[in-house]
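> In this note's numbering, the protein residues as written are -13 to 159.
Rather than coming from a laboratory, the hints here were simulated on the basis of the structure.
C-beta atoms are modelled at their ideal positions from N, C-alpha and C, and glycine is treated no differently.
Take the hints with a grain of salt, since some may be wrong.
What follows is a set of in silico ranges between Cβ atoms, one per label pair, in the way DEER data are often shown [said to hold, decoys possible]:
1. S48 - A91: 54 to 64 Å
2. I14 - E45: 23 to 33 Å
3. V31 - R3: 35 to 45 Å
4. G17 - L49: 11 to 21 Å
5. S(-1) - S71: 46 to 56 Å
6. A114 - F74: 44 to 54 Å
7. R10 - F152: 34 to 44 Å
8. R10 - I148: 13 to 23 Å
9. P41 - S71: 33 to 43 Å
10. W151 - T0: 14 to 24 Å
11. I148 - L75: 17 to 27 Å
12. H69 - E45: 52 to 62 Å
13. P41 - G17: 38 to 48 Å
14. T40 - P117: 15 to 25 Å
SDA-like mimics (lysine to any residue), calculated; alpha carbons at most 25 Å apart, straight line [said to hold, decoys possible]:
15. K149 - R84
16. K149 - V134
17. K149 - L108
18. K149 - I96
19. K149 - F66
20. K149 - G28
21. K149 - A103
22. K149 - T42
23. K149 - N67
24. K149 - A91
25. K149 - Q105
26. K149 - G63
27. K149 - G78
28. K149 - N113
29. K149 - A114
30. K149 - F25
31. K149 - I86
32. K149 - V82
33. K149 - V21
34. K149 - G59
35. K149 - V36
36. K149 - L97
37. K149 - A79
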Amino acid sequence: MDKVPDSASAPGSTSDRVLDALARLCLIVAGILLVFLIFSFGWLVFGRYVLNDTPTWIEQSSLLIVVYITCLGAAAGVRFNSHLSIDFLREGAPRVLRAIMHAIADGFVILFGAFMAWQGGLMVMSNAGRPIPMIGLSESWRAAPLVVCGVLLVIFTGANLIKRWFSNPRAGS
């Protein structure tokens, strides 16, 4: 169970629970899609080598599903702070410098998430009329996870930044 800082108010802990639930939902959806991906590839192999009739829709749907799994997993990784990182320099720094380094890193992630959401939104709009071969869905479905992931990166990183800043007001870490 996550320990909530003493200075956190009740609304902060509620927002943490909501954001954690949203990140868990991302992982659940990504997990379900991963199971579907495994079964669809099993069907592809069975169709190709046993039935001698390759289902052509699986390749395109797999590419689409991988994008969703990646983007949802990346967003949840930001919320749960589970991405691979090398932080021995930052953690060995004095408190104030560590807080500045955290803020800079969070700022870059927020900017990246905002840029990803904006450009993904442009891709969604510009590809609405083009279908994905073999499955007939709009190409916009390939760019939609970029928008969702970008927005979640901004929300999750912003919440982590605020939580870190207010958990120790004197040092900002």
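> Determine for every hint whether it applies to the structure shown.
Now for the hints, and whether the structure bears them out:
1. S48 - A91: 54 to 64 Å: With Cβ atoms ~33 Å apart, the hint is violated.
2. I14 - E45: 23 to 33 Å: holds (25 Å)
3. V31 - R3: 35 to 45 Å: holds (42 Å)
4. G17 - L49: 11 to 21 Å: Given about 19 Å between the Cβ atoms, the range holds.
5. S(-1) - S71: 46 to 56 Å: Check failed, 26 Å falls outside 46 to 56 Å.
6. A114 - F74: 44 to 54 Å: Given range 44 to 54 Å: holds, Cβ gap about 46 Å.
7. R10 - F152: 34 to 44 Å: violated (23 Å)
8. R10 - I148: 13 to 23 Å: At 20 Å between Cβs, range holds.
9. P41 - S71: 33 to 43 Å: 40 Å Cβ-Cβ, so the 33 to 43 Å window holds.
10. W151 - T0: 14 to 24 Å: holds (18 Å)
11. I148 - L75: 17 to 27 Å: Between I148 and L75, where Cβ atoms are some 24 Å apart, the hint holds.
12. H69 - E45: 52 to 62 Å: violated (29 Å)
13. P41 - G17: 38 to 48 Å: The hinted range 38 to 48 Å is violated for P41 and G17, with Cβ atoms some 23 Å apart.
14. T40 - P117: 15 to 25 Å: The hint (15 to 25 Å, Cβ to Cβ) holds, given that T40 and P117 are roughly 20 Å apart.
15. K149 - R84: holds (15 Å)
16. K149 - V134: Measuring from Cα to Cα gives roughly 22 Å; hence the hint holds.
17. K149 - L108: violated (32 Å)
18. K149 - I96: holds (15 Å)
19. K149 - F66: Status holds; Cα separation ~13 Å.
20. K149 - G28: violated (44 Å)
21. K149 - A103: holds (23 Å)
22. K149 - T42: The given pair, whose Cα atoms are some 48 Å apart, is violated under the 25 Å limit.
23. K149 - N67: holds (13 Å)
24. K149 - A91: holds (15 Å)
25. K149 - Q105: Judged against 25 Å, a Cα distance of about 28 Å means the pair is violated.
26. K149 - G63: Roughly 17 Å separates the two Cα atoms, so the pair holds.
27. K149 - G78: Status holds; Cα separation ~21 Å.
28. K149 - N113: violated (38 Å)
29. K149 - A114: Given pair K149, A114 is violated - Cα atoms ~38 Å apart, limit 25 Å.
30. K149 - F25: violated (40 Å)
31. K149 - I86: holds (15 Å)
32. K149 - V82: Satisfied, since the Cα-Cα distance of roughly 16 Å is no more than 25 Å.
33. K149 - V21: Distance of about 34 Å is beyond 25 Å: violated.
34. K149 - G59: Distance of about 22 Å is within 25 Å: holds.
35. K149 - V36: violated (55 Å)
36. K149 - L97: holds (18 Å)
37. K149 - A79: holds (20 Å)
The structure shown violates the earlier hints numbered 1, 5, 7, 12, 13, 17, 20, 22, 25, 28, 29, 30, 33, 35.
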